[in-house]
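Could you build all of it, start to finish, from the sequences and the hints given here?
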Amino acid sequence: MESSVWMNQDEISIREEQWKDHIGVFRRPPTRIPTDTWTDAPLLGNGDVGVSIGGEAHHQTFYIGKNDFWVQPHLGESEEQRIGRLLRDNGRRTGARIITVGQISLLMPRLADASYDLEQDILNAETRGSFRNEQVKLRLCSWVSADSNVLVTELECMAGKLDVTARLHAGDSATDEVYHYDNGADPEAIWFRYAANPGSLPQVRRVAAACRVIGTNAQNKWLFQNVEASFQIRAGERLAVVTAIVSNRDEPDCLQGALGLLNDYATGGLDDLAKRKQNHRGWWSEYWRASSIEIGDPVLEKYYYASYYIIGSCMRPDKVQPGLFGNWVTTDRPKWTGSYTMNYNFEAPYFGLYTGNRIALSSGYCDPLLAFLPLGKVLAREKLNCRGIYMPVELGPDGMVCSALFHGQKSNASFAAVNLLMHIYYTYDLDYARKVYPYLLAVADFWEDYLVFENGRYVIYDDDIHERSQDRKNPILSLGFVRMIMRAMLHLSVELDRDTHRQPKWRHILANLSAYPLMERSGKTVYRLTEEGMSWNDRNSLAVQHIFPAGNLGLDSSPEELKIAQDTVAEMQRWSDFNAFPTYYAAAARVGHDPAELLERLRAECERYALPNLSIHHGGGGIEDAAGVPACLHEMLLQSHQGILRLFPTWPADRTARFKKLRAVGAFVVSSEIENGKVRYVLITSERGRELKLLNPWPDRGVIVYRDGAEGQAIAGERIQLETMPGERLLLLPG
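Note that this note's numbering has the sequence shown beginning at 35, numbered continuously upward.
Simulated from the structure, these hints should not be mistaken for laboratory data. Don't take each hint at face value.
Below, computed lysine-lysine pairings styled on BS3-like, alpha-carbon distance capped at 30 Å [stated by the list, open to error]:
1) Lys369 <-> Lys336
2) Lys171 <-> Lys309
3) Lys539 <-> Lys727
Label-pair restraints from in silico Cβ distances [what the hints assert, rightly or not]:
4) Glu554 <-> Gln747: 49 to 59 Å
5) Leu109 <-> Glu501: 28 to 38 Å
6) Lys539 <-> Arg126: 30 to 40 Å
7) Gly303 <-> Leu235: 36 to 46 Å
8) Glu501 <-> Phe258: 42 to 52 Å
Idealized CB from N, CA, C, for every residue including glycine.
Right under this line is the structure:
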């Protein structure tokens, strides 16, 4: 086949029929809404506003959350007072937390005995409901605009007529207690506004919601705690209920911002809404074109794309980053404060974005880390007498601390560094590297001071592997993170020409850091959790997190190291675990665990723990499980974390698979296909023009390399090294 035919193999086309199986189906109302934890309800979102839908057909309630709506108890304190309180409050939650915005409910009494049928369409980021009884048939279509904080619910009456009341309620649905509350019912809109905190400081987070009915005349009414818009819809009629949600982080006057945004959406009527809906779908279409996989497994493909839907709905680079439950917060008291939980939950949702070529979505990940850095340095100095950064387990945006709990762990700041390094390695965006370098340097500073050099090796003392496990010496997780951060600093000091005088110390730490602790189990040598302290635990995946996500081992490691890692994975059997899903499967794939078992186990977890909204939930938090399927499948299809590209490294020889535009370390975007155990082609775009190292997919035949469609060059060898140019496209075919 001519080389030109292969050059378009990375084009991704979106066809609706291919997505018909990727739909969340609800034949009865969700049961976990409102909730203080993760919901099973239909989900909508645009990376800032999130909407989850509950209630029977006759009482549809849209629960509104917003990533930036946080209670901030420290407001009014001086920074000195705040730091003093945090230093005293060891082991206490501070009261900082994310809270719900409110609800918009559609009350339709004539549907009291109606059937319930609702679908969550992840391709178009819409929910579509159909409710009917003998008198009435109604269709609903709801979407949260991808580029504006607007919820649109379209109503179409197919038979009969229906009296509808749209009710706007501020805050938790179970209470009327909100601060600085105001609401109103004007001829054009119903609205509310309120604050997350008492007091009138400008930093207090405030939010407003404004609602209008488009396509008919509604009667707007003020009812003290609530405001309502009442209208009627008859057979053949269509209309829409539009709600704008704005905080004072978006606009200084959030109410005027909400009313202005609502007016912008309403003045063009239903025809203009249809155009905006197409723009909304266009954003999602581009999102899906970032990368794709086809692996011949409808179940895994369904939850692969559903995972990206959840992340794409709750995260944007220029917005406040999501906490445990994303932007689907339905109460004022979410579990664990809904915080950025720093010992894996906050980091995990981003894992699939780097290899999945959705890097832009992750760009805001660094914001809360950089905001916390000054306080983290104080905590390191005052609590541990160290330079660098010391991080408690629960943070919020803008430098907030949700609890002064450390759980004995010194590794949280290092865990947070993982995604910063993934971003750098997979993009080589050196502007981003410069931005986050102060944080990475602070992590290195901490370990330089905290490590103890004794008897010719560096040792970590009093650092708990599990929360409050009271370990004495050398937890394997921190040993992995120290290796990760020291290698990174050596690399970045060259790339950025920074702190080159510190390289000898970093090399000395790498050369003399304690080895990973080992033990015998079932006649095999496996990793021990600590050198002195907890040896093994039958939950979580901490024994292999130095493999993934820390990246210290892989198929390029020594046979001895690889055997220990493989035996540890096999001995752990952590296939179904409260916390391990985002990391254990990817670690197993990274070290070459039996691919047939991996796929079987992964599919079983999807089928067992999936909710109707297509999320997977084991219980350890909320959105972090959205990393599990993409991270594992990507490691099976393409690996590059050890500096060399491996095609289909952990893939069954008898399974056909294809991926397009997965991202590799070195800022390479890769597409390939395997059939009958043979790789058909490799198509690579080099974004930064770095050297490409590739394990030859055809070692017995050699490789023909076509650069931007030019004449092919024959290359032989087990490992291929190629110089590249920025933006260059390389096609590799068997010789």
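We went through each hint and held it up to the structure:
At roughly 29 Å between alpha-carbon atoms, Lys369 and Lys336 fall within 30 Å of each other, so this suggested pair holds. Distance restraint check for Lys171 and Lys309: the Cα-Cα separation of roughly 26 Å lies within the 30 Å cut-off, and the hinted pair is therefore satisfied. Simply put, Lys539 and Lys727 have alpha-carbon atoms about 29 Å apart, close enough for the 30 Å limit, and the pair holds. Between Glu554 and Gln747 the CB atoms are about 51 Å apart, so this pair conforms to the stated range of 49 to 59 Å.
Look at Leu109 against Glu501: about 29 Å separates their beta carbons, and that is inside 28 to 38 Å. The beta-carbon spacing between Lys539 and Arg126, approximately 36 Å, falls within the hinted interval of 30 to 40 Å. Roughly 41 Å separates the CB atoms of Gly303 and Leu235, a value that falls within the hinted 36 to 46 Å. For the pair Glu501 and Phe258, the supplied restraint of 42 to 52 Å holds, since their beta-carbon distance comes to about 45 Å.
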